Amino acid sequence: MMKLTAEKLGQFKDQLLAGNALREDGSRVRITVHMGTCGIASGAKEVMDALREEIAASARKDILVNTSGCMGLCSREPLVTVECIGQEPIKYQYMDAEKTKLVFREHVLNGKVHLPFVLARGTEISD
Amino acid sequence: MEEHDTVNGIPTMQELPFFARQKIRVLKNRGVIDPGRIEDYIARDGYAGMVKALTKMTPEEIIKEVTDSGLRGRGGAGFPTGAKWRFASQSKNDVKYVICNADEGDPGAYMDRSVLEGDPQAVLEGMVIAAKAIGAHQGYIYCRAEYPLAIQQLNIAIDQAKGHGLIGQNILDTGFDFDLEVYQGAGAFVCGEETALMTSIEGKRGMPRPRPPFPAVSGLWGKPSVLNNVETLASVPQIILKGAAWYASVGTEKSRGTKVFALTGDINNVGLVEVPMGTTLRTIVYDIGGGMRDNRPFKAAQLGGPSGGCIPAEHLDAPIDYEKVAELGAIMGSGGLIIMNDEKNMVDVAKFFMEFCCDESCGKCVPCREGTKRMLEILSNLAKSKGKPGDIERLEELAGMIKITALCGLGQTAPNPVLSTIRYFRKEYEERIMRGKGPSGP
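Heads up: the sequence lines are chains A and B, in that order.
When the letters of the first sequence are read in order and numbered with my numbering, they come out as residues 1 to 127.
When the letters of the second sequence are read in order and numbered with my numbering, they come out as residues 1001 to 1442.
Any given hint could turn out to be false.
Stated by the list, open to error - Using 20 Å as the maximum straight-line C-alpha spacing, the simulated SDA-like pairs for lysine to any residue come out as follows: (1) LYS99(A) - HIS1004(B); (2) LYS8(A) - ASP1177(B); (3) LYS1427(B) - ALA1399(B).
What the hints contain is simulated information worked out from the structure, not anything from laboratory work.
Computed from a predicted structure; not experimentally measured.
Construct the complete structure from the given sequences, taking the supplied hints into account.
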């Protein structure tokens, strides 16, 4: 790992912001499984397993899988966020392995948001 | 579950009342960053507050900024954080400690767990800033062993922060040293009390001791120490980065900033909510919480866990801040907020919390050890409709005695759930005495 200095932290941040963006010639899809204790207790690990299986089967190399903590709405867990390049992130609620496979095929592979499982679109804005 | 016809018909996060009425500061990275990747944290201004504190501010300036922000301890007692830091900074000693209290144990409370699991670097950054303010070079995070994921994420976060030179010797080449480690608690509720927590880190049985001396004077291993709760420390980086005025711009006169609540119980949206201090219970329950489950009537909100109390429907419009909540007979507490409908009997609620305190009493002082036991006996009899005339007065007498004579916060506040339910729901106690059983919970 790179040791930072006070001066370099700002530059490092800028590099990271540029590197995190989805790109046509890099990762074109980012899928985040929300895996706080609440998510895991509701089945987020099964969701993650199903997702990895689907990605492996699709042989797509441009899909980034992230985990994240609780996004606040514990009673709608497991929650999954799908962000395709050039589009708003979509939050899916009450997910399970089967629903994950469906969303992956419809949304990620066919580019059609799977409306019945959707909670919301966009991102929370902090103060 | 809502269904949408088109993508355009999907509400944005800001259009959902659950998110719209919140103001996220401590939880600003929730669901967005990968807690196992320090890069994600840095990309969202992580460690920028620490850099400012280490390179541009003196300890006095840091303490002034935190004091001016109005930040008060989010563990529940609400002691001004800046004042706590000032006391510790004024204690002369080569060795001082910064301790993060992550021993969250109130039933129904999981705010700190969510921060530790989802944004652990914010806590580390807050600790380094606190260390610079008081002149400490070693820290501990006391986290309960029942939080395995939080402990795992914290350890990953510490390793990554050390790897990048953000913790350890000569942080970011500024000449400041601060190291820290996680200490696992073994599951005793009393270890969330600061003196018991330090005794536990010292390797002894976790029992409280009288204060003074306060930890700022004589804390861990007799050295000056600052103990802050997870949410308090996670608030600090943004206060330093954005300034005291920014932080103090929301909230009430004496309770500035935001508060995170774990919203649970008979409500539609269960989850973690962060709202400005002074937000009404009605907004939290009916807007953010989406109303009562099955449209049953709201009966009471339990705030502050075993040290807190119940707020009844007549006070739904009270602005929630430290002062108002205390006036209503509850305490802000760490943020557990349990919403109850009309099916819940308040004698049963009081009995539940007294059982908890009785179990968790460490036994060191008589008022807590024996007093909670005697109160529980009376409550158990009432719950079985075997109450006797005079039981309410006996409970009140015992409660008053325990409050003024118990050694630590656990005992001093243990009677609160009983007193607050007697205050607002005396009739349910009387029913259990006079006419056998009152309306009972499921």
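Given the hinted pair LYS8(A) and ASP1177(B), is their alpha-carbon gap at most 20 Å?
Roughly 18 Å between the alpha carbons, so the hint for LYS8(A) and ASP1177(B) holds.
Has the given pair, LYS1427(B) with ALA1399(B), been kept, meaning a C-alpha gap of at most 20 Å?
Holds, at about 19 Å.
Restraint status (C-alpha distance of LYS99(A) to HIS1004(B) at most 20 Å):
Within the cut-off at roughly 17 Å; holds.
Of the numbered hints listed earlier, not one is contradicted by the structure.
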